[in-house]
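Single-letter residue listing:
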Amino acid sequence: MTSTTPNSAAADVTAKPKAIAKNWDGLKPYLLAAPQTIALCVFLVFPILLIGVVSFWEFNGYSMTPAFTLDNYISVFSSDVTLRTYVNTFKFVGMVWLATLLIGYPVAYFLSFHVKKLKWQVLLFLICTIPFWTSNIIRMISWVPLLGKEGLVNQMLMGIGLIDAPLEFLLYSDFAVVLGMVHLYIIFMIAPIFNSLMRIDRTLITAAEDMGASGFNVFKEIVLPLSAPGIAIGSIFVVTLVMGEFITVRLMGGGQAASIGKLIQTQIGSLQYPLAAANAIILLCVTLLLVFSILRVVNIRKEL
Amino acid sequence: MKPRSLSFYLLAAFFGLFVLFLYGPMITIFILSLQGPDGTLTFPIRSFGFYWLGQVFQEQRVGNFVEPFQRSVVLGAIVTLLVASMATMSAMAFRQKFRGSTVLFYLTISALIVPSILISLGLGVMFQIMGWSTNWMTSGLGAHLTWTLPIAFLIMLGIFNRFNPSYEEAAKDLGANDPKTFWEIVLPLILPSLIGVSLLTFTLSYDEFTRTSLVSGQYNTLPLEIFGMTTNVTSPALYALGTLTTLFSFTMIIIAYVAVSRLSRRQQG
Chain A
0 MTSTTPNSAA
10 ADVTAKPKAI
20 AKNWDGLKPY
30 LLAAPQTIAL
40 CVFLVFPILL
50 IGVVSFWEFN
60 GYSMTPAFTL
70 DNYISVFSSD
80 VTLRTYVNTF
90 KFVGMVWLAT
100 LLIGYPVAYF
110 LSFHVKKLKW
120 QVLLFLICTI
130 PFWTSNIIRM
140 ISWVPLLGKE
150 GLVNQMLMGI
160 GLIDAPLEFL
170 LYSDFAVVLG
180 MVHLYIIFMI
190 APIFNSLMRI
200 DRTLITAAED
210 MGASGFNVFK
220 EIVLPLSAPG
230 IAIGSIFVVT
240 LVMGEFITVR
250 LMGGGQAASI
260 GKLIQTQIGS
270 LQYPLAAANA
280 IILLCVTLLL
290 VFSILRVVNI
300 RKEL
Chain B
0 MKPRSLSFYL
10 LAAFFGLFVL
20 FLYGPMITIF
30 ILSLQGPDGT
40 LTFPIRSFGF
50 YWLGQVFQEQ
60 RVGNFVEPFQ
70 RSVVLGAIVT
80 LLVASMATMS
90 AMAFRQKFRG
100 STVLFYLTIS
110 ALIVPSILIS
120 LGLGVMFQIM
130 GWSTNWMTSG
140 LGAHLTWTLP
150 IAFLIMLGIF
160 NRFNPSYEEA
170 AKDLGANDPK
180 TFWEIVLPLI
190 LPSLIGVSLL
200 TFTLSYDEFT
210 RTSLVSGQYN
220 TLPLEIFGMT
230 TNVTSPALYA
240 LGTLTTLFSF
250 TMIIIAYVAV
260 SRLSRRQQG
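Protein chains in written order, with numbering that gives the first Met the number 0: chain A, 0 to 303; chain B, 0 to 268.
Honestly, I wouldn't trust all of these hints.
[Stated by the list, open to error] If the Cβ cut is set under 7 Å, some of the chain B residues that face chain A in the computed set are:
{"no.": "1", "residue": "Phe13"}
{"no.": "2", "residue": "Gly121"}
{"no.": "3", "residue": "Met125"}
{"no.": "4", "residue": "Leu213"}
{"no.": "5", "residue": "Ile225"}
Derived by calculation from the structure, the hints in this document are not laboratory data. Note that beta-carbon positions come from the ideal geometry of N, C-alpha and C, so glycine has one too.
Kindly produce the complete structure, drawing on both the sequences and the hints.
Take a look at the structure:
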């Protein structure tokens with residue numbers, strides 16, 4: 000590694016190494032951060048800029064040609080199917096977000112407030128995270144023998160005489176899509192909430208209890224506000240993950256359910272790149288809008 | 000000791016149900032993959048055996064599984080090497096203030112926030128326009144970097160936040176230069192965490208599907224191969240493959256856990 004020190008300043012013998020050292024210290028963080036910056040520019044920024052460019056290109060049914068046309072955007076906004084797909088995507092986002100929050104918060108709360116020993120907290124948290132380090136595809140396939148027409152759930156329900164015919168809505172339905180997504184992404188809600196709950200100063204709670212606050216009041220006035228940044232970070236993760244989802248929708252929805260991610264995937268499959276790009280840009284804008292509105296409600300900078 | 004409150008038991012039960020929800024499906028396919036040749040995709044189990052686990056390695060029946068596995072492992076190793084070094088370097092850079100650090104921070108975070116289909120589409124479009132053909136080693140590698148790099152970077156940031164700089168200052172006062180300080184002081188101290196981050200990166204890459212799905216080119220990685228199988232394989236071999244690849248991921252996690260706890264114990268002791 001070299002540093003760029005002007006040689007002319009070398010009149011004094013001791014000045015030169017000092018100058019090098021000074022320059023080097025100033026340059027060091029840039030050199031260290033360079034590889035990551037380059038990697039992200041090449042594989043993230045540049046591709047997304049290209050999507051933006053291509054979304055204005057013409058498409059004649061076979062290939063795309065450089066041009067400037069708003070046709071792709073017009074066809075997105077004038078298509079009933081596309082608009083309904085957006086509504087459907089928002090439905091998934093809302094349901095998965097609510098479910099992950101309602102399940103994730105009590106789990107995180109239990110781990111941080113009711114499990115007293117750090118060793119147990121770590122162990123139980125690990126138990127929660129381990130499934131998330133394995134293949135999403137496998138985790139979704141594994142719902143099939145449980146929820147299918149001849150699946151375990153239907154067999155059991157019929158066995159105890161609760162139903163006569165198998166429940167069809169369990170698999171290949173919107174229900175299955177939401178269930179699959181909650182199973183896939185709930186850790187992204189639990190981890191940040193757990194993190195922010197662990198940071199709450201326990202003396203605050205003791206103080207509140209000493210002053211006569213009820214358990215519910217302690218939760219409402221202290222725990223919930225202080226864990227809001229965690230909820231915000233978790234929500235950002237869940238919302239962005241679900242917004243672009245197409246695999247769960249395909250595997251668990253069984254061709255019935257639709258989402259904007261799946262629509263884009265289908266358009267790419269039929270090589271309609273400009274149309275897919277226009278949809279992707281809209282998807283990106285909507286996602287960023289959601290993220291910014293979450294950030295407006297809660298200040299997460301403090302958390303980092 | 001204070002008697003446990005009712006809410007403890009309720010929440011404990013809720014937690015238990017949650018763990019069942021997480022692991023239940025996976026245990027189901029694990030059980031279903033341990034059937035004899037007459038096994039089917041659903042319960043009841045007809046006979047017990049390792050037939051389907053063996054079938055996974057028979058090329059003609061299930062589709063090729065060995066080569067995608069090799070690709071996933073090779074790609075995971077390359078991604079891990081790149082990500083571990085890049086994330087360590089940039090996390091070290093973030094210990095000082097430098098211009099553009101906020102931009103780089105948000106750029107890195109945005110790699111996680113941008114919907115994954117955009118990464119896939121963007122890389123596909125980029126390769127198309129450049130006239131390159133997509134391949135798991137090139138476009139696939141890029142897709143994996145956008146997913147694993149931010150996660151590794153955030154963890155490394157946390158590690159260096161807790162890192163005591165006085166060891167480095169001591170080394171420098173004794174006349175060690177930067178590379179020497181890094182190799183002899185910093186690296187040994189962060190090594191346990193670095194191994195953890197590396198193996199996490201490896202599993203994340205090994206299992207990655209969505210970002211790679213449109214840009215893997217002619218040859219599939221393992222998750223893509225499994226996805227392909229979901230449409231045309233109707234035997235427990237699919238579950239067997241699921242069981243085997245899950246066991247592989249878990250082995251990696253256990254190795255990481257053991258390595259980290261051994262190394263950190265040795266440092267303390």
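These are the hints, each one checked on the structure:
1. Phe13: holds, 5 Å
2. Gly121: Holds, because the Cβ-Cβ distance from Gly121 of chain B to chain A comes to roughly 3 Å (cut-off 7 Å).
3. Met125: Hint on Met125 of chain B: holds, closest Cβ of chain A at ~5 Å, below 7 Å.
4. Leu213: Holds, because the Cβ-Cβ distance from Leu213 of chain B to chain A comes to roughly 6 Å (cut-off 7 Å).
5. Ile225: holds, 5 Å
The structure is consistent with each of the numbered hints, conforming to all of them.
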